[in-house]
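If you want the building blocks of each chain, they are given just below.
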Amino acid sequence: MAKKEKLESIDPKEFQKLVEQVNNLKEEIKALKASQERDMNDIKSQIKGIKEEFNREMKTQVEIISDLIKKNNDAFLKFKASTLGDLESIKNQQDVLKISFTVNENKLIEKIKNIIMDEISKQIKDHELEILMKLWIDELNEISKNFDKLKTINPKEFGLKINEIISVIDLFKSKLATSNL
Amino acid sequence: MIKLEINVKLILSGSGGVGKTSIMNTYVGKEFPEIYIPTIGSSIKRREYNLEKATIRINIWDIGGQRAFNPLNPVFFSNIDVAFLIFDLSNAKETLLDLQKTYLNQLMQNSPNCLTYILGNKSDLILPEDSETLMNILNQFHVRNFPLIFVSAKTGDNVEEAFESIIYNFLVKLEEESLSPELNGLSEDYLKSLNKTKSDLNNIFINLETLDSGSLYKKILPSVRKKVVKQVNTSEAKEKREIISTIPDKFKLEKIRDSIIETFKNNIDIVDEFIKELKLTPIDLLTKRIDEIGEELSKIRADFTMKLDTILNLKEKSLLVEESKKEI
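Residue numbers (the working numbering), protein chains in the order written: chain A, 1 to 181; chain B, 1 to 328.
Hints are computed from structural coordinates only; laboratory data are not their basis. Just so it is clear, CB atoms sit at the ideal spot from N, CA and C, and this is done for glycine as well. Take every hint as true, because none was put in to throw you off.
Covered stretches of chain B, going by a simulated chain A footprint (3 or more residues, C-beta under 8 Å):
(1) 255-265
(2) 268-275
(3) 293-306
Whenever a hint applies, use it, and build me the whole structure from the sequences.
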């Protein structure tokens, strides 16, 4: 009952004015919508233009680089063809040099070896036994120095180490037995 | 049951020429040498007794007594289980004095707990008329604190027995000092293996408190008679020794050199045996044995060096002898 009273109390002029205002607002919204659509279409067409420009530019760059590669390749093949003969001849010369170097190197080493052996033989003549004794003392020194380590190794390594020491001793025993007294 | 392994370190010590090497050689079954060649450094030999529950390994260190060649090296006197201090009965005063002043002191300083016997060697050279003088000399020196035995390396008289006795007493000591029940009865097993009794072994001791000069000679006489040894009087023996110790000629130097080389090689065999022995050592004893052998190796190494140095010196001397002969 209270609502009906309220509606009846609105002035019809005022009401008419309100309707007009609503209609105006609707018009404005419609105009705004149309302007937005135009803007969107503008942006789309701009992007499309940029994309096309980019693709064109890329295509041009690829063509330029391919061209460069092709030119270089041609130049390289030309160069290769011209130097292949030279390379073959250098390789042959290198092989000859290598062989002669190896032969000479071996000859030289053999010569040096002989000189050293002769010199050693001269120096150790009549001293073989003393040298063997000295070597044995040095060896025993080594054995003795590392003897404590035997306590820390595992049984397999222990067995190997003991066998190694025994074979060293055997070697000295046989050398000393055959050396000139 | 794992067999026990007992390693006994025994040394023979005393002045040069008292017969240490000959005693050792007699014990290990080598021939008595024709001429005297001094030991340089030390010579090590081994002998084993295989008992039912233990292997007793005697490592015998014959330590050279010639002071000109062998400086008294304390390393030789450390960690010794048993020791024979040896003097020459035919030159008792001098060699006993040296024994008391030098070798006994060294031994007591470095191995105070070692079981020590005093051996008078060359009993085959004692004549009845020497007995009184000998008795007086023995009484002058403080040898009463140690078991005393007369031996002859030449005839073999009492040599084996002296070793047997000291090993037996070492085993008794080991049993008493050890807390391990495994060692119980070891000394008895050892006696059984020898087929001897305790009194057989004790019978060889010379008891100065109960003997006079007459009975002293009788104590030596029976076995010497049995072996029919050519008697040499003491002055002759002394003269022989002096001849040998005169300026060395080439022959003698060569003999000494050969002897050093022989003991050098022999000592390598000992090192070899020490290492091989480790392979058979039970795992629970391995650490201890590695320590012991490591110590022995460092001593033997010093000995090898001494031998090599002596050989090099002898070579120089030999060259000098050659040159001086040429000049003459």
